[in-house]
Each structure stands twice: as structure tokens, then as C-alpha cells.
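Use the sequences and the hints to build the structure in full.
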Amino acid sequence: MFLKNCWYVGAWDHELIDGKLLSRVLLNERVLLYRGESGKVVAVNDRCPHRGALLSDGRLEGDAVRCMYHGIKFDGTGKCVQIPGQELIPPKMRVRSYPVHEVGHLVWVWLGDPAKADVSKILNLPYMTDPNWKGLPGYLHYDANYLLIVDNLSDLAHLAFVHTNTLGGSEEYAYVSKPASILKNERGYTLERWHTNIDPPPFHKKVIPNKHDKLDRRNRVNMYVPGIFDMATLFAPAGQGAETGAAVPGTREYRNCQFMTPETDTTTHFFWAYLNNFEGSDSTISRSLLDSLIEGFMEDKAIIERQQKTLEEDPAFESQMLAIRADAPLVHFRRTLSGLIDAEQGVAAAVGSPAAVG
Amino acid sequence: MFLKNCWYVGAWDHELIDGKLLSRVLLNERVLLYRGESGKVVAVNDRCPHRGALLSDGRLEGDAVRCMYHGIKFDGTGKCVQIPGQELIPPKMRVRSYPVHEVGHLVWVWLGDPAKADVSKILNLPYMTDPNWKGLPGYLHYDANYLLIVDNLSDLAHLAFVHTNTLGGSEEYAYVSKPASILKNERGYTLERWHTNIDPPPFHKKVIPNKHDKLDRRNRVNMYVPGIFDMATLFAPAGQGAETGAAVPGTREYRNCQFMTPETDTTTHFFWAYLNNFEGSDSTISRSLLDSLIEGFMEDKAIIERQQKTLEEDPAFESQMLAIRADAPLVHFRRTLSGLIDAEQGVAAAVGSPAAVG
Amino acid sequence: MFLKNCWYVGAWDHELIDGKLLSRVLLNERVLLYRGESGKVVAVNDRCPHRGALLSDGRLEGDAVRCMYHGIKFDGTGKCVQIPGQELIPPKMRVRSYPVHEVGHLVWVWLGDPAKADVSKILNLPYMTDPNWKGLPGYLHYDANYLLIVDNLSDLAHLAFVHTNTLGGSEEYAYVSKPASILKNERGYTLERWHTNIDPPPFHKKVIPNKHDKLDRRNRVNMYVPGIFDMATLFAPAGQGAETGAAVPGTREYRNCQFMTPETDTTTHFFWAYLNNFEGSDSTISRSLLDSLIEGFMEDKAIIERQQKTLEEDPAFESQMLAIRADAPLVHFRRTLSGLIDAEQGVAAAVGSPAAVG
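Chains as they are written, first to last, in our numbering: chain A, 1 to 358; chain B, 1 to 358; chain C, 1 to 358.
To be clear, the hints were calculated from the coordinates, so they are not data collected in a lab. Among the hints, a few may not be true.
Note: identical chains are not told apart, hence a pair may lie in one copy or across any two.
In silico DSS-like links for lysine-lysine, alpha-carbon gap of 25 Å or less [unchecked claim]:
1. K214 x K184
2. K205 x K301
3. K309 x K20
4. K214 x K121
Structure (C-alpha cells):
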């Protein structure tokens with residue numbers, strides 16, 4: 001059960017170039033995404049209502065798409081505009097279209113009730129388009145439910161064990177560092193974790209000049225429903241009071257933006273960008289970080305996809321998992337999301353079957 | 001649900017050479033087909049009733065087959081004739097045999113009630129054995145229900161879009177040509193479609209001398225339950241009255257014979273031959289046409305197998321597809337077949353459970 | 001449904017070297033097997049109760065194992081001994097451990113009620129550790145229920161047809177040889193089969209000097225629940241009274257030890273050793289026999305895995321198979337095992353729901 005009335009990332013904007021007809025399953029629905037010749041992005045159901053051929057196997061014609069099985073043509077709103085061999089077009093012959101909007105180099109799609117689609121609700125992370133923040137766009141496909149990825153990101157202690165030699169740096173992180181604050185809110189949570197007087201972790205060491213100087217590290221996470229992770233990481237020269245808020249010269253910062261969109265109940269589209277504010281004009285740093293992050297994500301992916309298999313082998317385990325103290329953010333997030341889904345379903349149920357309410 | 005009391009093509013005759021024990025699933029039943037040493041073709045269930053080993057993994061002995069797990073031997077009627085280590089052969093130890101008959105280089109099998117198997121009901125397409133019609137036998141395996149292939153063949157407009165550069169020739173075919181007549185009957189339909197003053201489509205152009213002369217094209221389709229397609233195609237020099245029935249010199253004809261046999265609910269054996277009457281002794285033409293047809297069928301196969309996946313993803317879509325005018329033959333065919341299956345099942349139900357009838 | 005209260009082979013002892021964390025599904029449960037640094041073998045459930053990561057993807061620490069997702073550590077009894085970032089360890093945080101014991105180079109695991117685990121009940125085949133018996137340990141994985149392998153071993157007539165050119169030697173074996181005796185017992189059966197004045201079968205011929213002398217062959221099988229096969233094979237120079245019990249000079253013997261452990265309902269771990277008493281210090285014989293046996297097992301595997309598919313395609317066939325006289329041991333074995341499972345389930349049901357008994 002997914003939250004339907006919210007915006008999900010459907011694609012990077014650069015995926016829709018050269019008239020690409022991109023077929024992508026989002027929340028179990030097969031959606032066709034493309035940029036029409038006018039520049040407008042279109043999102044419609046990818047199944048021709050005539051005999052079920054994929055429109056994405058069809059042909060772009062202006063802002064319209066033609067099914068290449070029997071030639072039926074639909075405009076960018078999903079309306080049928082031509083059936084070869086007959087004049088009359090029955091009104092039922094149309095495909096569902098979805099509200100779609102571009103923000104932050106991302107194409108956002110609304111799978112829920114179109115009347116509720118409000119583009120002002122799209123999460124705008126300013127560094128995604130700020131030229132002072134550099135980085136390369138990434139995509140990974142997960143054979144796992146998207147919430148297992150959210151779970152993973154919700155306990156930074158996993159950095160210590162899963163990513164010791166890549167993104168973490170030492171197992172000490174799990175024992176010494178402490179979440180300084182967890183702020184729960186109605187759409188997720190914010191948490192902050194400091195780890196002071198440390199060696200730079202491997203991914204950071206590769207892109208800095210003074211590789212042996214001690215540093216203070218801060219990770220500040222914002223997690224938003226349905227599954228957006230925004231982490232501000234800071235590395236300051238150690239012992240100069242960064243933790244107390246001092247502006248320490250030589251500080252370097254990162255923005256870790258991750259967008260989890262359910263493909264199906266058991267698979268996920270994972271869009272991400274890892275941005276830095278110190279690269280200048282040398283793209284070597286962005287490319288090194290792209291490699292480092294993929295290396296780290298692969299460590300997560302192995303564990304998370306194995307979790308998915310474990311849950312498929314024994315679905316009862318889902319409700320038997322034993323929480324530890326560090327799971328507080330995870331538990332809050334899942335509870336928050338469930339509440340929103342229940343509310344949405346409740347409203348839907350009430351609207352759909354009034355008799356059952358009174 | 002398949003129509004059981006009818007003949008299905010189980011194999012090409014040339015598949016049963018050199019004592020081949022051919023295991024083939026037909027209508028969800030695993031059938032062993034072979035030509036005994038006497039020349040007689042045998043069709044029996046391929047499962048040894050002792051422990052379930054495949055008889056097709058066994059050994060041909062005369063007209064009999066021996067299971068090579070524990071050595072039990074069955075004759076061509078399915079009767080057990082030897083059990084190593086014991087004298088008595090219990091009458092229950094036998095395999096089901098199926099009526100089988102050869103017509104037109106094809107091996108026809110009857111999966112229904114053997115008492116109703118009438119070989120005079122086998123469709124005999126005379127050009128399959130007429131030496132004036134040349135062509136090479138073909139086979140393809142489809143990961144799709146056989147009726148999706150029948151559907152495909154029922155709307156010739158797909159030639160325009162799917163096969164523009166192979167069998168069709170131009171998209172104009174979908175707009176300009178018209179089914180001149182559709183004759184519905186109790187076993188299927190006949191339809192005819194003319195397209196006049198056209199360039200030869202690519203597959204035909206490859207095998208004719210005057211590649212730039214305009215032609216009149218006629219496709220006349222006979223479709224028969226459960227899934228046999230017989231199309232007579234004619235190309236006559238344009239403008240000389242072929243459409244009105246004139247015998248135009250230089251006319252070339254094809255016979256397109258396709259036999260769809262369900263393997264399972266979601267897969268199909270597709271036997272076909274594409275015959276021509278102008279080849280003479282030069283087999284280059286048959287070989288070119290074999291290539292062209294395979295190229296065209298691959299275009300269909302991609303669409304049809306994708307349709308199958310779409311229907312498996314959302315079985316409800318089967319009853320939601322929106323028909324267009326060109327689907328009249330398809331609709332009639334499916335309705336005809338359903339009626340025959342219902343009638344067959346009705347009789348079966350009545351025989352099987354008389355209490356439920358009165 | 002498996003017999004739970006009995007010992008199953010989980011691994012060869014040599015599989016647990018160098019700190020290997022061996023993940024192996026036994027009777028549908030994922031078990032982690034390892035040898036702790038103290039030398040003790042540990043068997044615990046392989047799923048971390050926190051978030052379901054595999055402990056076998058973790059790290060051995062002494063006799064304990066640490067989950068490398070969030071660092072939770074469990075000792076060899078399954079007790080949690082550390083949770084990074086918190087002091088208190090809730091008693092519920094533990095993994096199930098299984099009784100485990102080494103006998104005959106094999107690691108035996110008890111998946112049933114731990115209170116009933118009695119190591120004296122482990123089948124000890126003395127030649128498995130006797131230096132006079134030489135041989136190499138083997139393992140194969142079967143995509144088939146383990147009882148199909150037991151069935152296979154229960155009718156030696158299959159040697160004639162499946163293994164004519166490897167382990168059997170001639171089809172005559174099925175017709176001429178006779179089970180001299182079948183002794184049924186409460187845990188399985190014993191049977192003996194002589195075949196006299198024969199050429200040595202191919203696997204034996206390869207490892208003996210006088211390859212053309214006639215031999216008398218005896219196979220004596222002990223089959224034990226849940227699935228252990230122990231066959232004593234003897235080849236004596238022909239015509240010197242071996243069948244009547246005489247000690248014939250030049251006799252060579254084999255011990256064929258096979259241990260079938262269910263992995264899942266449809267897959268099996270197959271552990272085996274083929275031992276001989278005439279090799280001396282020349283390991284060529286063991287290596288030749290290893291090859292010969294694998295060659296023979298592959299012949300079985302093809303048939304047995306195909307049987308499995310047949311049964312999955314049509315589960316009703318399981319109860320429709322037609323027994324022949326040679327199936328008497330098979331029928332007795334399956335009935336015995338079913339009785340033991342029913343008794344175990346009955347007790348379990350009575351204990352679990354007393355109200356249902358009175």
C-alpha cells in the first residue's frame with residue numbers, strides 16, 4: 001500500500017532527451033514519460049487501451065504518441081486523436097494522464113487524485129540547481145521495497161559496519177558518536193550526529209589535500225515522506241569548535257540527496273546526487289565522489305536486497321523484527337507514513353462507500 | 001480453456017525422422033510423438049505411469065518405447081508389454097494414446113474424446129503438398145497465448161505499422177485499403193482486402209524482377225477455429241482490373257499457412273509455411289521469403305509477447321480492451337470459439353454431473 | 001512435512017575451515033554453521049532478529065558472530081552479547097540455536113525439539129573414519145525432493161537402465177539378478193541382491209588389474225529414515241562360492257554412504273562418500289571412483305530432477321504412480337517415514353492443543 005496523493009520522482013530530466021519514450025513502472029503502474037516537441041513533459045499510462053501494446057514502443061509525433069500496433073494516436077493529455085480506418089473516435093478511447101512537473105532537474109509525477117496535485121508541494125532542494133554545488137546525477141535499481149532503503153538511511157550506525165572502508169571510516173562511529181538531537185515532525189524527522197577528532201573517511205580523503213589532519217564530522221539528516229533523504233555533511237578541522245556552531249575555515253560540505261520511488265511492492269527506483277561546495281572547476285572531485293558513493297551504495301544494496309528476500313521467504317518476520325534504541329527515527333517514520341496512508345485510504349473508503357461510514 | 005474435440009498440429013512430419021522421440025506439450029499435456037520403425041506415427045502421453053520418468057528420455061524399440069529408468073516398455077497403443085523382473089503386467093499399467101494422423105506434411109493430434117476423432121475433419125490445404133507451390137516449413141515458439149496471435153492476424157491494418165519495412169510496405173495500407181468483404185461463418189471468417197497501385201512491399205520486391213512497377217495487392221484471409229490462418233495473396237500489375245476479377249498476366253501469388261497450437265495457457269507452437277507459385281526450380285526465392293517472413297514474425301512476436309506480459313500483470317485488462325471497427329473479425333472469431341468451447345464443456349458437464357442439469 | 005526430531009547431516013567437517021560462516025538451508029530453515037575459534041561447532045538461525053540481515057554475512061569473533069549491518073553480536077548459544085550504542089540488551093534479542101554434533105567427518109544438526117536431541121542416536125558408519133577404508137567426500141545439490149533420491153536408491157534395477165555404461169554394467173542385471181532378501185524394520189529396510197558370473201561393471205573395471213575375469217557381485221543395502229543409504233558392495237572372483245558365504249581370496253569391497261538432507265520441499269543436499277578397502281596408498285583409485293560416481297549420479301540427477309518437475313506440473317500424479325513388484329522397499333520406506341512423521345505431528349498437536357485430543 002503506497003501513499004498515492006504525493007509527488008514522486010519519476011525520472012531525471014536528462015533521461016528525456018532526443019524524443020526518448022521512457023517506460024517506467026511507478027507504484028505498480030506502467031507510465032510513459034516523454035518530452036514532447038514543444039518542450040512539455042508528458043506522463044500517461046503506457047498501455048494502449050485498444051489491445052494493450054506499449055505506447056513506449058510507439059512513435060513520438062509532436063507532443064502526441066502513436067501506438068505502432070494498429071496506429072492509434074493519443075495527444076499529451078491522453079486523448080485519442082486518430083484511429084486509422086475509422087472516422088468516429090469513441091470518448092472511452094483514451095489513456096490516463098498524470099500530473100507531472102519539473103523541479104530541481106527531476107521530473108515529478110503524481111499518481112493519486114489529479115484534483116489534489118499541487119506543484120507547490122514538491123520538495124525543492126535548492127542545491128540541486130545552485131551552481132555553487134557540484135555533482136553528478138545517479139540512478140540505481142533496487143530489488144527491494146523502498147522502505148528498506150529508508151530504514152537503512154535512518155540509522156547512521158550502519159556507516160560503521162557496512163561502510164567501514166568507504167563512507168564510514170571506522171567502527172568507532174557506532175559507539176562514540178551520538179545522535180545529538182532527533183526532531184520528529186509530521187512529514188518525517190531531522191537528526192544530527194557529530195563525530196569529532198577523527199581521521200577523514202576514505203571517500204573524503206580521496207578528494208582533499210591534507211589527508212592526515214584530524215576532522216570533526218557532522219551528519220544532519222532530513223527524511224521526508226514518502227521517501228526523500230537530504231543529508232548535510234560537514235567536515236571541519238578538528239578542535240576548533242565546529243560542533244558549537246563556529247564557522248571554521250577549511251570546512252568542506254556535502255549535500256546527499258536521495259529520492260526513493262517505489263517501482264513495485266518489491267522493487268525501487270533510487271535517484272541520487274551527492275553534491276559538494278568546494279570543487280570549483282575541477283570535475284575530478286565530482287567523478288571521484290560518484291565512484292565512492294556507488295561503491296558505498298553497492299554495500300547497502302547487497303544487504304537490503306538480501307533483507308527483501310528474507311522477508312519474501314517469511315513474510316511474518318516483518319512484524320517480528322526487534323527494534324533497538326537507534327531505530328527511533330525508523331519507527332517514527334514508518335508510523336508517520338502508515339498514518340498518512342491510513343488517512344488517505346480512509347477518505348477514499350468513505351468517499352467510495354458512504355454506507356460503510358455512518 | 002481450450003477446444004478439445006478438434007485436430008491440432010503437433011509437429012511437422014520432418015521433425016519425426018531418425019527415430020526421434022519428440023516431447024511436446026500440447027494444450028498443457030506432455031505428448032510423446034514418434035514414427036515407429038513400421039512408419040506409423042505414434043502419439044502417447046510422455047509420462048511413465050510407474051515413477052513419472054519421461055518416455056521421450058527412453059528408447060525406441062520397433063513401434064514401442066522403453067522407459068530407461070526401470071525398463072518398462074509400452075507399445076504404440078500405450079499398452080505395457082514388459083516390466084523387467086516380473087511376469088504379470090497389471091492392466092492399469094498403460095499410457096494414454098492419442099489419435100494422430102498425417103495431412104499436408106503435418107502431424108495432427110486429437111487431444112479430446114478419442115471416439116469423436118474423425119480424420120475427414122482435418123483441414124487439408126492443397127498447396128501444402130502441391131508441387132507447383134514452393135516454400136520451406138517454419139516453426140516459432142511464442143511466449144503468448146495462441147489467441148493473441150490469431151488477434152494479430154485478424155486485423156491486417158497491423159501490416160501498415162508493425163511491418164512497414166518488411167511485409168507491409170507503407171502506412172497508407174491502414175488508411176486507404178478497406179476490407180472489401182467479411183464473411184462470418186460457424187468456424188471462423190473470410191475477409192478480403194485490396195490495396196491498389198502500390199509499390200511492391202519489401203519482402204516481395206526482393207524476389208521479383210521489375211522492382212519499380214506499380215502493383216495491385218489482394219489479401220484474402222480464411223481463419224478457422226481453433227487457430228488456423230490461410231491467406232491467399234496476389235500481386236498483379238496495377239491498373240489492369242485484377243480487383244474486378246480479370247486474369248492479369250504477370251500476376252504472382254502466395255499462400256500463407258499458419259497453424260497455432262496452444263502449448264500452455266501462455267505459450268504457443270507456431271507452425272507455418274509461406275508458399276509461392278512462381279519460383280520454378282530456383283530455391284533462392286523460397287529461401288528469401290523464409291528470411292523475410294521470419295523478420296516480419298519477429299516484429300509481431302515482440303508485440304504479442306509484450307501483450308501477454310501486460311495481461312499477466314493485469315488480468316482484468318482482458319475484458320477492458322476497447323474494440324475498434326477493424327476488430328470485427330477478431331470479435332467474431334473469439335465469440336465463435338467461446339461458443340464452441342462452452343458447448344463442449346456443457347456436454348462434458350452434463351455427462352459428468354447429471355444431477356446438476358435437471 | 002519433514003521428520004523434525006532426528007539428526008540430519010548439515011555439512012562435511014571440512015566445509016567449516018578457516019572460520020567459514022556457512023549459510024545452509026536445512027528443512028526450510030536458514031542455518032548458520034561455523035567452527036568457533038575454540039574448535040566447537042555452532043549452529044544458529046542465520047537471520048539477525050533486528051532487521052533480518054544474514055549473520056553469515058557477518059564476522060566471526062571467537063565463538064561468537066557479529067551482524068555487520070548494525071553490529072549486533074551473538075555468542076555460540078544464540079545469546080545477544082552486544083548492541084552498539086546501547087547498554088541494555090533485551091532478553092528477546094537472541095537467535096535460535098540448534099543441537100549440533102560431529103560424527104564420522106559429518107556435522108549433524110537437530111532441527112526438532114532440542115530437549116529430545118540425543119547424540120547417541122546419530123548413525124555411526126565405522127568405515128567413514130576407519131583408515132582401512134579410503135575415499136573422497138562428495139556433495140551434490142539436487143533440484144528435487146529428497147525422497148525421490150531415496151526412491152531411486154530403493155530399486156537397484158535402475159542400475160541396469162540408467163547406469164548401463166557406468167555403475168551398472170548390463171541390462172541383464174534387471175532381469176537375472178533377484179533381491180535375495182528384504183528385511184523390513186522400524187527405521188527402514190535391508191536388502192541384498194546377487195548377480196553372479198558377470199563382467200566387471202565399468203567403474204570397477206577401471207580400478208582393478210584383471211579386467212576380463214568374471215566376478216560375482218553382491219549389493220547389500222541398508223536404508224534408514226530420514227534418508228541415509230549405506231550399501232556394502234562386494235566383488236569376488238566368480239564361481240568360488242562367495243554367495244554362500246565363503247571368504248574368497250581376491251574379493252574387493254566398497255561402502256557407498258549417502259546422506260540426503262532436505263534443503264526445501266523441492267531441493268536436497270546430497271552428501272556422499274564411496275569407500276574402498278583395497279586401495280592401499282595409491283590415491284588414484286579413490287580419484288577414479290570419485291569421477292565414476294559423479295558420472296553415475298549425474299545420470300540419476302537428470303531423471304530425478306525431471307521427476308520433480310513432472311510432480312510440480314501435476315501434483316496429483318504423486319498419488320497416482322503405479323507401483324511394481326520391485327517397489328516393495330520403496331513403499332515400505334515411505335510408509336515407515338509417514339508413520340513417524342504422523343506420530344511426531346500427533347504428539348505435537350496434542351501438546352499444542354490439548355482440547356482437541358480429549
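Okay, the hints, checked on the actual structure:
1. K214 x K184: For K214 and K184, the Cα distance exceeds 25 Å both inside one copy (32 Å) and across copies (76 Å).
2. K205 x K301: Cα proximity of K205 and K301: one copy only (23 Å, versus 53 Å across).
3. K309 x K20: Cα proximity of K309 and K20: across copies only (22 Å, versus 33 Å in one copy).
4. K214 x K121: Neither, since 41 Å and 61 Å both go past 25 Å.
In summary, the structure is inconsistent with hints 1 and 4 from the numbered list given earlier, while agreeing with the others.
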